[in-house]
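Given the coordinates of chain L, assemble chain H onto it according to the supplied hints.
Just so you know, the protein sequences line up as chains L and H, in that order. Numbering follows our numbering, with no gaps: position 37 of the first sequence is 626. Numbering follows our numbering, with no gaps: position 268 of the second sequence is 646.
The reader is advised that the hints may include incorrect statements.
Claimed, not checked - Pair ranges (Cβ atoms, derived):
(1) H:666 - L:717: 27 to 37 Å
(2) L:990 - H:591: 45 to 55 Å
(3) L:779 - H:411: 46 to 56 Å
(4) L:865 - H:722: 51 to 61 Å
(5) L:612 - H:773: 33 to 43 Å
(6) H:781 - L:716: 24 to 34 Å
(7) L:801 - H:448: 51 to 61 Å
(8) H:591 - L:612: 46 to 56 Å
(9) L:716 - H:411: 43 to 53 Å
(10) H:736 - L:657: 14 to 24 Å
Stated by the list, open to error - Below are the SDA-like pairs computed for lysine to any residue, each with C-alpha atoms no more than 20 Å apart in a straight line:
(11) H:773 - L:693
(12) H:773 - L:698
(13) H:752 - L:693
(14) H:752 - L:634
(15) L:650 - H:446
(16) H:752 - L:914
(17) L:650 - H:731
(18) H:773 - L:632
(19) H:752 - L:905
(20) L:650 - H:444
(21) L:650 - H:443
(22) H:773 - L:699
(23) L:650 - H:771
(24) H:752 - L:639
(25) H:752 - L:690
(26) H:773 - L:634
(27) L:650 - H:736
(28) H:752 - L:695
(29) L:650 - H:440
(30) L:650 - H:445
Everything labelled a hint here was simulated from the structure, so no lab data went into it. For each residue, glycine too, the CB sits at the ideal point set by N, CA and C.
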Amino acid sequence: MKHFKLTTDDSQLSVRDIADNFDDLHPPLDGAQAIVEAGRCLYCYDAPCMNACPTRIDIPKFIHQIRSGNLDGSARTILSVNIMGGACARACPTEVLCEEVCVVQHTESAPVKIGELQRHAVDHLLAKGGAHPFVRAPLSGFKLAVIGAGPAGLSFAHRAAMLGYDVVVFEAKPKSGGLNEYGLAGYKMANDFAQAEIEFLLSIGGISIEHGKVLGDNLSLDGLRTAYDAVFIGAGLTAARGLGVDGEDLAGVSDALEFIENVREAVDKSNVPVGDDVVVIGGGNTAIDAAVQAKCLGARNVTLVYRRGPDAMTATQWEHDLATANGVVVRYWASPEAFKGSAKVEYAVFSAMRIVDGKLTPSGDSFELPADMVLKAIGQMLNSAIFDALKLEGGKIAVDAHYQTSLAGVFAGGDCVNSGEDLTVQAVEDGKQAAIAVDIMLHAKRKGAAE
Amino acid sequence: MSDLGCIIGGVESINPFWLASAPPSDKKYNVERAFRAGWGGAVWKTLGVDPPVVNVTSRYGVHRTQDRRIIGINNIELISDRPLGVNLREIEEMRREWPDRVIIGSIMAPMDEQAWKSLAIKVANSGVQGIELNLGCPHGMCERGMGSAVGQAPAFVEQTTRWVREVVDIPVFTKLTPNVTDIIVPAVAAKAGGAHAVSLINTVNSVIGIDLDSMTPMPTVDGRGTHGGYCGEAVKPIALHMTAEIARQPETQGLEISAIGGITTWRDAAEFIALGAGAVQVCTAAMLYGFRIVEDMNEGLAAFMRDKGYRSIADFKGKATAQTVDWNELNINHDLKARIDDEACIECGRCFIACEDTAHQAIRIDVNTDGGRKFIVIDDECVGCNLCMHVCPVKDCITMEAVDTDRPYLTWPEHPKNPLRKAAE
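In isolation and in its complexed conformation, chain L is listed as follows (with noise of 0.2 Å):
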């Protein structure tokens, strides 16, 4: 468990501090070390681990390449079923996936580090360059759209590239990666690791990124259908939720995923602005990805508010033990009512909540905490406006079982659907699965012109 240097009573942190904070969550493993790890998976037959991966990559063969030394073929191995198989490594909660099921664990402490080792091994191929490990089917002469560079859009790039298509992807912010550029603590993905991986991803051929292309402003869904003989929505979640409690729009209060954004796209971290009693609200990894870099920047205290019991939070105990080993307050149990402030938010005012008739429910007790930033990580939804041409269900996009939307020759995949918990490795997956699915059709419609 890593522990960043924190702001004292007597010290502030200094420029270097908070660079070093931004480093690596888990440092690499080295080569003898990977070996070591490596000696300790069981090679399972029909592997648990893989099993819980929702891009299946068959872990006990790319450890065994590790320890045979075929690194490169342990790379491969990996990045065959996902292309984004370094960020997963750096930001899967593996905790809950691969590494809860690991069996090894059963005879020893813990599992085997899967999710270090596979940073080992894609790592190496990444340092290592070279030409793409994957060569492209011929090209079958179709072109596709892709809606968003995130992890859903550039895997299905990626893969539908891999099939022989040519791919548009269109952009709206101005780097690629999603959530993986945006949206993850910075000691998750040091040294630019999103960008050097989309690099890697594009080497692929075939793939071209438009950015500033937003859709509903300067992008049609319609036009994208006429222009293109398939597209693929990976456009994630992205409206915020609001609280709708008093004082919401005070200075000082704002979303998680913007004060991480912040966070990412500064290259000298200490130029960020932090407050001195920050408030975080909200009980997923998005609260603590804040919390804890709240932290890593400086403040002094930080209070990590969520509305239900330690049982209900989505944050893995993995994630919520780095936050108060790292000196995040977690309440549990209270609600926001209210941020009061003269020019900008000073504190926050809470109604204690209870489960009542099993519905949560204040229960008459409040209580104020000093805040002189609040970050709301309550969750994303989908910006629900720009595809009203499409069935929603639940509050996303509806997609059957091959990723088709309600519209004919429209996939969609990663957090915009509900294909399975909103993770990196999901929207990989999805991207993938779309990109085959949509291949299939096509072969389907060449054959079908062609008779």
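The following block gives chain H in isolation, referenced to the frame of chain L:
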């Protein structure tokens, strides 16, 4: 208190652990450190006729498991490259300074009576308690007509043993090479020559590996390599077999054995003694970990003997020999079935894939309602081979249960399906 003292070939030792004739016993400095650590004796690195040999660089290659643990060393070092006089003086000093420890002089010479005899006399005069004939080195020396070149010719084994017996009155150990088809043949020759004991095994001839960058065998000497002597844990099964054969075959039964071959712990030593060895010699384990490993060899062996009620090495020497038989004497009616403890099972699937791919398709997987896997032995298909038990990473999760077949002890020679079956009397 168990007594680790033993007598081998007539030589008394305070414990059964001697350094084998090898690099660790090349000079006084090392042997002194070994004795201080607790070794009962040392077979001095092989002495030859002056002028001394000249060695090459490098000399050792290793065999590693995937997790980089060394299970074997291969060496291309020759016999002692120091003048005979220097070695003998140091031996004399050591004998004087360490009267309770054993020093055996290992010697090697070409097939020449005078050479063997004069060398044996000189070495015996240094005060060693015994002479060991090195008839085993499979590299370098054999190209000069020594080492394994002698050990592989039974007549030479007998001859050299006899020559040395004729001129010294201390025990003679004939050290055998494993690089033969049947170890009984040279053992019989040593016995005929009058050996008080045989020492075995010397190193196994080997190429330890190829450097795939330079395309040279390892260890590499200026771009080329050669075969060398393989030793360490990996050769222990070969040494155990040869020890067992000498201990149990009528032609060699009773011939004393100083066992060598991959002994790394007290347990390894106990296994050799159980098969009939009177004492053991160690080299590789000391080379890998230092002389201190003898501490646990002594303590562990004593504890084992105490647990089992053995008061001396002689108490359990050869206790496993009678149970070591030819295949033809095994009971074909004996039947075992694998039993998997569901509580202990961690669901890795290793037993399943081992049996499914390479054995008898005797394990099936049932998926529980909770998604967990249950591994079930199909008794009708299980031949009791042990493979699943061995590959299972959980101790005692898979056990082999004897099935009561209610059938008598039946060997292949008596088996109805044997076309050459001996008719019942």
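Tested hints:
1. H:666 - L:717: 27 to 37 Å: holds, 34 Å
2. L:990 - H:591: 45 to 55 Å: holds, 50 Å
3. L:779 - H:411: 46 to 56 Å: Since the Cβ atoms of residue 779 (chain L) and residue 411 (chain H) sit about 49 Å apart, the hinted range of 46 to 56 Å holds.
4. L:865 - H:722: 51 to 61 Å: holds, 54 Å
5. L:612 - H:773: 33 to 43 Å: holds, 41 Å
6. H:781 - L:716: 24 to 34 Å: violated, 57 Å
7. L:801 - H:448: 51 to 61 Å: Holds, at about 60 Å.
8. H:591 - L:612: 46 to 56 Å: violated, 34 Å
9. L:716 - H:411: 43 to 53 Å: holds, 46 Å
10. H:736 - L:657: 14 to 24 Å: holds, 20 Å
11. H:773 - L:693: With a Cα-Cα distance of about 13 Å, the restraint between residue 773 (chain H) and residue 693 (chain L) holds, given a limit of 20 Å.
12. H:773 - L:698: holds, 16 Å
13. H:752 - L:693: Answer holds: residue 752 (chain H) to residue 693 (chain L) is near 17 Å, not above 20 Å.
14. H:752 - L:634: holds, 13 Å
15. L:650 - H:446: holds, 19 Å
16. H:752 - L:914: violated, 39 Å
17. L:650 - H:731: holds, 14 Å
18. H:773 - L:632: holds, 17 Å
19. H:752 - L:905: Violated, at about 29 Å.
20. L:650 - H:444: holds, 14 Å
21. L:650 - H:443: Holds, because 18 Å separates the two Cα atoms, which is no more than 20 Å.
22. H:773 - L:699: Holds. Residue 773 (chain H) to residue 699 (chain L) sits at ~18 Å (cutoff 20 Å).
23. L:650 - H:771: holds, 18 Å
24. H:752 - L:639: With Cα atoms ~18 Å apart, residue 752 (chain H) and residue 639 (chain L) stay inside 20 Å; holds.
25. H:752 - L:690: holds, 15 Å
26. H:773 - L:634: With Cα atoms ~18 Å apart, residue 773 (chain H) and residue 634 (chain L) stay inside 20 Å; holds.
27. L:650 - H:736: holds, 19 Å
28. H:752 - L:695: holds, 16 Å
29. L:650 - H:440: Status violated; Cα separation ~26 Å.
30. L:650 - H:445: holds, 16 Å
The structure fails hints 6, 8, 16, 19 and 29 (numbered hints given earlier, in ascending order).
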